[in-house]
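Visitor: Sequence:
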Amino acid sequence: MHASPPRNRMLASDAGWCLRANRIGARTGVRQAFAVVSRLGDGVFWYALMAMLVAFDGYAGLLASLHMAATGAVALLMYKRLKRWTRRPRPFAADGRIRAWVAPLDEFSFPSGHTLHAVAFSLVAVAHYPPLAWLLLPFAASVAASRVVLGLHYPSDVLAATAIGCALAGVSLWLVPGVSLFP
Numbered sequence: 030m031h032a033s034p035p036r037n038r039m040l041a042s043d044a045g046w047c048l049r050a051n052r053i054g055a056r057t058g059v060r061q062a063f064a065v066v067s068r069l070g071d072g073v074f075w076y077a078l079m080a081m082l083v084a085f086d087g088y089a090g091l092l093a094s095l096h097m098a099a100t101g102a103v104a105l106l107m108y109k110r111l112k113r114w115t116r117r118p119r120p121f122a123a124d125g126r127i128r129a130w131v132a133p134l135d136e137f138s139f140p141s142g143h144t145l146h147a148v149a150f151s152l153v154a155v156a157h158y159p160p161l162a163w164l165l166l167p168f169a170a171s172v173a174a175s176r177v178v179l180g181l182h183y184p185s186d187v188l189a190a191t192a193i194g195c196a197l198a199g200v201s202l203w204l205v206p207g208v209s210l211f212p
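For the sequence shown, the numbering used here begins at 30 and goes up steadily by one.
These are calculated hints, taken from the structure and not from any lab test. From the three backbone atoms N, C-alpha and C, an ideal C-beta is built for every residue, glycine too. Don't take every hint at face value.
Label pairs and their computed distance ranges (CB to CB) [what the hints assert, rightly or not]:
| id | residue 1 | residue 2 | range |
| --- | --- | --- | --- |
| 1 | 125 | 162 | 24 to 34 Å |
| 2 | 129 | 72 | 34 to 44 Å |
| 3 | 59 | 85 | 26 to 36 Å |
List of simulated lysine to any residue pairs, SDA-like, C-alpha gap at most 20 Å [to be verified]:
| id | residue 1 | residue 2 |
| --- | --- | --- |
| 4 | 112 | 166 |
| 5 | 112 | 86 |
| 6 | 112 | 210 |
| 7 | 112 | 89 |
| 8 | 109 | 84 |
| 9 | 112 | 192 |
| 10 | 112 | 208 |
| 11 | 112 | 124 |
| 12 | 109 | 191 |
| 13 | 109 | 72 |
| 14 | 112 | 126 |
| 15 | 109 | 90 |
| 16 | 112 | 80 |
| 17 | 109 | 133 |
| 18 | 109 | 210 |
| 19 | 109 | 196 |
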């Protein structure tokens, strides 16, 4: 018997995990919860957080918010270029068994922009305000999970976006003196 190449097995595994996660979304309550998290991850949560930082911490909050906004702008450029370059179809477009439980914001899947932004924003915000970790890290993880459950991304899209978001936040924090995840 001829074994399939490792790449084909990896892609099949990615699609299989996506299908399993997507089936969880068939439950109305689960689908609604992940749809809300996904919608908040569109930007609403992050804009509200930035406004709250300014409102509660004045100038320091403004600086942290500007840092997040600059990191977000770079993240936006990166993920849009990657999507245009890779042109990976979304899971629901590639496999009729996978449902898109919410409408996608764009055509392509790789990488997950929601996850990339959630990770980068969370890490930058936590570097400025470590006590926010208890809120931001679970929220970022929920945003990442929502993208797979809702049929919009493969797990590999989310994992890659997590790595890119971590790297982007790391560079961003390195460029801003006096701000670090590891004080």
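Visitor: Now tell me, hint by hint, if it's right for this structure.
Guide: How the hints compare with the structure:
Roughly 40 Å separates the CB atoms of residue 125 and residue 162, a value that falls outside the hinted 24 to 34 Å. Checked against the given bound of 34 to 44 Å, the beta carbons of residue 129 and residue 72, roughly 20 Å apart, lie outside it. A beta carbon spacing of about 33 Å between residue 59 and residue 85 agrees with the range 26 to 36 Å that was offered as a hint. For the hint linking residue 112 to residue 166, the alpha-carbon distance of about 25 Å lies beyond 20 Å, and the restraint is violated.
With a C-alpha separation of about 36 Å, the suggested pair residue 112 and residue 86 falls outside the 20 Å cut-off, and the hint is violated. Straight-line distance between C-alpha atoms of residue 112 and residue 210 comes to about 29 Å, which puts the hinted pair past the 20 Å bound. A hinted pair counts as satisfied when its Cα atoms are at most 20 Å apart, and residue 112 with residue 89 does not qualify at roughly 34 Å. Proximity of residue 109 to residue 84 is assessed by CA-CA distance (about 31 Å); at most 20 Å being required, the pair is judged violated.
For the hint linking residue 112 to residue 192, the alpha-carbon distance of about 16 Å falls within 20 Å, and the restraint holds. For the hint linking residue 112 to residue 208, the alpha-carbon distance of about 31 Å lies beyond 20 Å, and the restraint is violated. Among the hinted pairs, residue 112 with residue 124 is consistent with the structure: their alpha-carbon atoms are about 19 Å apart, no more than 20 Å. Restraint check for residue 109 and residue 191: the C-alpha separation of about 15 Å stays at or below 20 Å, so the hint holds.
With a C-alpha separation of about 16 Å, the suggested pairing of residue 109 with residue 72 holds against the 20 Å cut-off. With a C-alpha separation of about 23 Å, the suggested pair residue 112 and residue 126 falls outside the 20 Å cut-off, and the hint is violated. Between residue 109 and residue 90 the alpha-carbon distance is near 28 Å, which puts this suggested pair outside the 20 Å criterion. Straight-line distance between C-alpha atoms of residue 112 and residue 80 comes to about 29 Å, which puts the hinted pair past the 20 Å bound.
For the hint pairing residue 109 with residue 133, the CA-to-CA distance comes to about 14 Å; that is within 20 Å, so the pair holds. Our distance criterion of 20 Å between C-alpha atoms is broken by residue 109 and residue 210, whose separation comes to about 27 Å. Distance restraint check for residue 109 and residue 196: the Cα-Cα separation of roughly 17 Å lies within the 20 Å cut-off, and the hinted pair is therefore satisfied.
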